[in-house]
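Number of protein chains: 2
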Amino acid sequence: MELYVPRRRGVMLVLSSPSGAGKTTISRKLLERDSELRMSVSVTTRPKRPGEVQGRDYHFIDLTQFELMRNRHELLEWAKVFGNYYGTPRGPVADALNQGSDVLFDIDWQGTQQLAEHARADLVSVFVLPPSTAELERRLRGRAQDSDEVVQQRMEKAADEMTHYEEYDYILINRDIDESVVAVQSILNAERKRRHRQIGLNDFVKALREGQ
Amino acid sequence: MELYVPRRRGVMLVLSSPSGAGKTTISRKLLERDSELRMSVSVTTRPKRPGEVQGRDYHFIDLTQFELMRNRHELLEWAKVFGNYYGTPRGPVADALNQGSDVLFDIDWQGTQQLAEHARADLVSVFVLPPSTAELERRLRGRAQDSDEVVQQRMEKAADEMTHYEEYDYILINRDIDESVVAVQSILNAERKRRHRQIGLNDFVKALREGQ
Chain W
852 MELYVPRRRG VMLVLSSPSG AGKTTISRKL LERDSELRMS VSVTTRPKRP
902 GEVQGRDYHF IDLTQFELMR NRHELLEWAK VFGNYYGTPR GPVADALNQG
952 SDVLFDIDWQ GTQQLAEHAR ADLVSVFVLP PSTAELERRL RGRAQDSDEV
1002 VQQRMEKAAD EMTHYEEYDY ILINRDIDES VVAVQSILNA ERKRRHRQIG
1052 LNDFVKALRE GQ
Chain B
852 MELYVPRRRG VMLVLSSPSG AGKTTISRKL LERDSELRMS VSVTTRPKRP
902 GEVQGRDYHF IDLTQFELMR NRHELLEWAK VFGNYYGTPR GPVADALNQG
952 SDVLFDIDWQ GTQQLAEHAR ADLVSVFVLP PSTAELERRL RGRAQDSDEV
1002 VQQRMEKAAD EMTHYEEYDY ILINRDIDES VVAVQSILNA ERKRRHRQIG
1052 LNDFVKALRE GQ
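As they're listed, the protein sequences go chains W and B. Mapping the first sequence onto our numbering, position 10 (from 1) lands on 861, and the numbers just tick up by one. Mapping the second sequence onto our numbering, position 141 (from 1) lands on 992, and the numbers just tick up by one.
Derived from the structure by calculation, the hints contain no laboratory data. Be careful, since some hints might not be right.
Note: identical chains are not told apart, hence a pair may lie in one copy or across any two.
As the list claims (entries may be wrong) - Straight-line distance between alpha carbons at most 25 angstroms, and here's what the computed PhoX-like set of lysine-lysine pairs gives:
no. : residue 1 : residue 2
1   : Lys931    : Lys899
2   : Lys899    : Lys1057
3   : Lys1008   : Lys1057
4   : Lys931    : Lys1008
5   : Lys1044   : Lys1057
6   : Lys880    : Lys1044
7   : Lys1044   : Lys931
8   : Lys931    : Lys1057
Required output: the full structure, derived from the provided sequences and hints.
Structure (structure tokens):
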């Protein structure tokens, strides 16, 4: 007799960090190696940039559509940045979790707080820190040919963001990208085994006990 | 300038299962591959058996010594089984955790409950289930040339123990020993990255922000 096999509910995995800590590279590599993990695609009211693809990078929508979604509570979190709106649609995330797929969120501490209000039990949050200020500055400088002043502003923003590490479940100090990818993969694999994510465990154990 | 590097507090990792689910093999393989993990060595009042080594398999002590330890609250958990006493000494566990080493406990649900009372924040508990009743019976039968009646008694005991899966953080269905070892290793690696186990994070982030 074939035993009922428990399924699992998906994980909402949040990776946050000050810019320059390496989060984007970790996310990309993790998505490449883990077939059960998909990226959450946000909606945004900002114009599409060259090279961006509708539905892959963002769902590009207008302000009326955005406000409709927000008013209908169809957004798990949202923010206004430089005059444009961004948000995470609830539907695709709910579907993925129900199907046992995991969803990766590249959002900041404010978005993470909003997600936690809606879905604390599903949420697993990881904060990535740079190994040193020198390394952070090197990465912020390496990204563009900007003036010292602009780099300094980014450093100050990063310093502010870092104070929010206390709100996260896991902390990674990103000394080596590949090591960090393995570490986030371990966190994801472990969280998949959490009791509260197993569906049908009760029936499984009942069947085991009854000798099926 | 060399940045202060956060240390971590060790993990108390409990593996429990009904006998026959494969826990002992998983523990042995995990200890072989993970150099930061050590087994907790219990004290016991039962006589040493041939082949057992004092201080490796157990600390063999007499009843007076056991009662002294228990009365001085030097035991994290204890139990009386078939007239003999068993217990987990607190000192070596506290030392290991403080030094950032992890300690593995091969105890049942009653011991796990006692550990949780003393050290919930340090504790990570994993319950191992067999993949099917047939497999459980095969393993219980394979262990010794016992009568059907004895095997049946073990099956009933296992069935009782299984109901306690609900008290554990993580659930593993042990379909394949090597897969299960990798899964427990992921849980251990992930738990090592928990924010609350990092020591000195506050100073580290402060130094990052101040540009050291």
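Identical-chain pair category, lysine 931 with lysine 899, by Cα at 25 angstroms: Within one copy only: 16 angstroms inside a chain, 69 angstroms across chains, cut-off 25 angstroms.
task: Could you figure out if lysine 1044 and lysine 1057 sit no more than 25 angstroms apart (CA to CA) within one copy, between two copies, both or neither?
output: Only inside one copy: lysine 1044 and lysine 1057 sit 19 angstroms apart there, 34 angstroms across copies, limit 25 angstroms.
Intra- versus inter-subunit Cα pairing at 25 angstroms for lysine 1044 with lysine 931: neither (36 angstroms within a copy, 32 angstroms between copies)
message: Regarding lysine 880 and lysine 1044, is the shortest C-alpha distance of 25 angstroms or less found within a copy, between copies, in both, or in neither?
response: both (22 angstroms within a copy, 19 angstroms between copies)
Up to 25 angstroms CA-CA - lysine 1057 versus lysine 899, copy category: Neither. Shortest intra-copy (53 angstroms) and inter-copy (38 angstroms) distances fail the 25 angstroms Cα cut-off.
query: Is it within a copy, between copies, both, or neither that the alpha carbon of lysine 1008 lies no farther than 25 angstroms from that of lysine 1057?
result: between (54 angstroms within a copy, 14 angstroms between copies)
query: For lysine 931 vs lysine 1057, is the C-alpha pair at or below 25 angstroms within one copy, between two copies, both, or neither?
result: neither (50 angstroms within a copy, 29 angstroms between copies)
- request: Using 25 angstroms as the alpha carbon limit, work out where lysine 931 and lysine 1008 are close: within a copy, between copies, both or neither.
  value: within (17 angstroms within a copy, 59 angstroms between copies)
In summary, the numbered hints that this structure violates are 2, 7 and 8.
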